[in-house]
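Line by line, the protein sequences give chains A and B. Under this note's numbering, the first residue of the first sequence is numbered 1, with each subsequent residue one higher. Under this note's numbering, the first residue of the second sequence is numbered 1001, with each subsequent residue one higher.
The hints are simulated quantities; they were obtained by calculation from the structure and are not laboratory data. Treat the hints with care, as some may be off.
[What the hints assert, rightly or not] No farther apart than 20 Å at their CA atoms in a straight line, the calculated lysine to any residue pairs in the SDA-like style are these: (1) B:K1312 <-> A:V118; (2) A:K24 <-> B:I1322; (3) B:K1361 <-> A:D92; (4) A:K20 <-> B:K1312; (5) B:K1140 <-> B:S1097; (6) B:K1335 <-> A:E112; (7) B:K1335 <-> A:E107; (8) A:K58 <-> B:T1302; (9) B:K1409 <-> A:Q19; (10) B:K1312 <-> A:K58; (11) A:K93 <-> B:K1361; (12) A:K116 <-> B:K1321; (13) B:K1312 <-> A:F108; (14) A:K24 <-> B:D1318; (15) B:K1392 <-> B:E1498; (16) B:K1409 <-> A:G86; (17) B:K1312 <-> A:G16; (18) B:K1335 <-> A:F108; (19) B:K1312 <-> A:D92; (20) A:K20 <-> B:K1321.
[What the hints assert, rightly or not] With the Cβ distance kept under 8 Å, some of the chain B side facing chain A (calculated, not the full set): (21) T1302; (22) A1306; (23) K1308; (24) K1312; (25) I1341.
Note that this is a predicted model, so its numbers are computed, not measured. Cβ atoms here follow ideal geometry from the backbone N, Cα and C, with glycine treated the same way.
So you can see what is in the structure, the chains are spelled out below.
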Amino acid sequence: MAKKILLVEDEEIMIGLLQKKLTKEGYEVSVARDGEEGLKAMIEVRPDLVLLDIIMPKMGGFGVMEGMQKDKELKKIPVIVISNSGQPVELDKAQKLGAKDWLIKTEFDPQEVLNKVVKQIGE
Amino acid sequence: MEIDKNKNEDKISILLEDLDSLKSYIEDLFSFLPSPVCFISSIGVILEANPAFEKISGYKIDEIIGKSIEDIFAKEKTKEIFKEAEEKGFVKAREISVFTKEKKEIPVSLSIIVRKTEEGEINGYFIGLFDLTDIKTYQKNLEEEAKDLQDSRSALINILEDVEGALKSAEEEKNKTLAVITNFADGLLVFDKEGRLSLINPQAEDFFDVKTRDIVGRPILELSTFPTIEPVVRIVGGEIKGVFRKEIKIKENLILEVSTIPMMREEEKFGALIILHDVSREKLIERMKTEFVSLSAHQLRTPLSAIKWTLKMLLDGDLGKITEEQRDFIEKTYKSNERMINLINDLLDVSRIEEGRYLYKPVLTNLESIIQFVVNSYKEEIERKKLKFQFKKPKLKLPEVIVDVEKIKLAIDNLLGNAIGYTPAGGEVTVSLKCVKKEIELSVKDTGVGIPKDQQGRVFTKFFRAANAIRMETEGSGLGLFIAKNIIEAHGGKIWFESEEKKGTTFHFTLPIPEKFGEFLKEF
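One chain only, chain A, in its complex shape (with noise of 0.2 Å):
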C-alpha cells in the first residue's frame, strides 16, 4: 500500500509541482491549504509523513506542530517543513516541536524534496 503524505501548503504553485513529484514516485499526497485545515486531515488521513508550511493563513505550521504534540497519536507522524525563511531560531524551535527535517525553498528543488522523504519513510 502506498505511503500517504500530507502537504500542508497555502501556495498553489508548489502544491502542484510537489503533488505531481510525490505522486510520480508513488506516494498518495493529500493536500491543506492552512493549518488548522491540516489539523483536521491529519486526524481523518492518518498519513505516514507531514510536509509542513510555515506562513499560512489561520494557522501557521508552528502552531500546527504545536497541536500535533498535544497529541499522542498525531505526535509519532514525522514532519518535514518547508519554509521560505530558514532562521536558527526557528530551526531550533521547529527541532524542538519534533520536526525531522527543515528545507528552504530557495535552496532545496523538488528533488531534493523526495530524497529527503525517502530517507524518512522509505519509497
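On the provided structure of chain A, position chain B as indicated by the hints.
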C-alpha cells in the same frame, strides 16, 4: 615850687626808668622772638633786625643794617607788597622769597605794619617773616603723596574698570552659554569637579521627566535613584568615564545617544559634560527600513522559489519531455533566478546585521575544515578557469576557534568567490592559514584585477562595487565584503586587504583563539 620841681623831676625820672625798662623789654622780646623781624625806613633801608632775621638771611646784624630791602627780597614782588601796605597800612602773610647771603632762596610768609608820624607821614615799616621752608617741604611732600595717592587711585579705578569690564563680559559670556545650553536641541548635564550635577537643561529634564530643583547639586551616583537616569549612570559610572555615542534606551519610544566630554583647564579636569542626543526617530526609521527590507526579501523569496521549483521540474523532465532548445533557455532562466535568490539572501543578511541579530550559536570548531568545505564548492570553477590554486596550511594542527559555522562559511565564501571571480583564467589564487600570536589568520591572495587605489576606502561599504569589477562581471550585489566584515568583527576578529590594480588583491582576516569559551564574542 622847688617841691614841684622836685616832684616833676621825680616823675620824669620814673617815666624815664619806665621807658628804659620798656625799651629793654622790647629789646629782649625783639631778640627772643623766634620769627625774623626787622624795621626799615620809609625809603626801604633796613634799620633794625633781630637775631632770627640774621639767621634766616645769613647776614650779620652789621651787614644787614643799611641794606636795601630789595637786596634781600625779590624786587618786583617787594614793590608790589609795599605799595599795598602804603595803601592799607598793613599786609598780612604774603608769600615771598628771601635771598640769603649764600644766594639761597627761602620761602617766607611776610607781614608788614606801616609806621606813621603824628602828622600821618610814613616813617618806617615793621616787617615780620615766617619761614615757610618746612611747610613748603611738607607741602611738597604732601603734594607728592597726594599725587601718588591720586595715581594709585587712578590705577585702582583702572583696575576696577577692567575688572568690571571683565565681569561684564564674563556675565555676557555666561548668559550666552546659558542661552545656548537652555535652547540646545540635545539634553545637557553639567557636572562639577566633585561629580555633582551643577546644571541640567530643559531638554534633559524632559528626557528624564525630572525637575532641576529635585536633582541639581546631587552626586552622579545618587542620580541612579531616578529610574530614567539610571541607565545613563550605569554607562558613565561615578567617574563619568569617556563615552562616545552610546545608544541607551531610556523608556518606550526614547532612545538617547550618550556622549561624555571631560571639561579640562590646563590639563586639569574641572567637570564633565554629558550630552544626550535623541535618536528615537532615526532608530524608528532604521528599524522600519530594516523590517521593510526583511519583509520584502521574504516576500520576494516566495515567488522565486516557485519559479525555481517549476524550472527545476521542467529540467528534470518531471513535466514531460523538452527539446534541447527549451532546455537551454530554461537552464539560463534557472541560473538568472538563482542569482536573484542570492541577491535576496544577501539583502536579508544585511538586514539581519543591521537589526543586530546576526550571530547564532557559536561553537568551538576547527577553521580548517570550514575552509576546506568552501574550497571544495569552488573546485569546478577553479578547473574551468584553469586557475593555479593552493591551500597552504601549517603542519601542526591549529587551535580551535569559536565561530558561527554558517556565518564564517559565508565570509570565507565571499572572499574566495571574489578572488576566483575577479582573477582572469590562468591566474593564481592562494589560500593560507596560519597562527599569529593569539589569533588565527586566513589570507586569500589572487592575481586578479585588483581594486583601484581611489576606491579602496569604500571596499567594505554596503552596495559598493569597484568600477573595474562592474566592467568585468555585471552580477554581484556589492554586499559580500560588507557582510564578511560584519561577520568577522562580530567574532572579535579583524579584516583588511592589500591591493594593486591589475596585479592582484590579498584579503586577510583574523579570528581570536579563545582563552575561555565565549569571552571574545560580542553580543549578537
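Results for each hint:
no. : hint                : result
1   : B:K1312 <-> A:V118  : holds, 19 Å
2   : A:K24 <-> B:I1322   : holds, 18 Å
3   : B:K1361 <-> A:D92   : holds, 11 Å
4   : A:K20 <-> B:K1312   : holds, 13 Å
5   : B:K1140 <-> B:S1097 : holds, 16 Å
6   : B:K1335 <-> A:E112  : holds, 18 Å
7   : B:K1335 <-> A:E107  : holds, 13 Å
8   : A:K58 <-> B:T1302   : holds, 18 Å
9   : B:K1409 <-> A:Q19   : violated, 34 Å
10  : B:K1312 <-> A:K58   : violated, 30 Å
11  : A:K93 <-> B:K1361   : holds, 14 Å
12  : A:K116 <-> B:K1321  : violated, 25 Å
13  : B:K1312 <-> A:F108  : holds, 10 Å
14  : A:K24 <-> B:D1318   : holds, 8 Å
15  : B:K1392 <-> B:E1498 : holds, 19 Å
16  : B:K1409 <-> A:G86   : holds, 16 Å
17  : B:K1312 <-> A:G16   : holds, 14 Å
18  : B:K1335 <-> A:F108  : holds, 14 Å
19  : B:K1312 <-> A:D92   : violated, 29 Å
20  : A:K20 <-> B:K1321   : holds, 15 Å
21  : T1302               : holds, 5 Å
22  : A1306               : holds, 4 Å
23  : K1308               : holds, 6 Å
24  : K1312               : holds, 4 Å
25  : I1341               : holds, 5 Å
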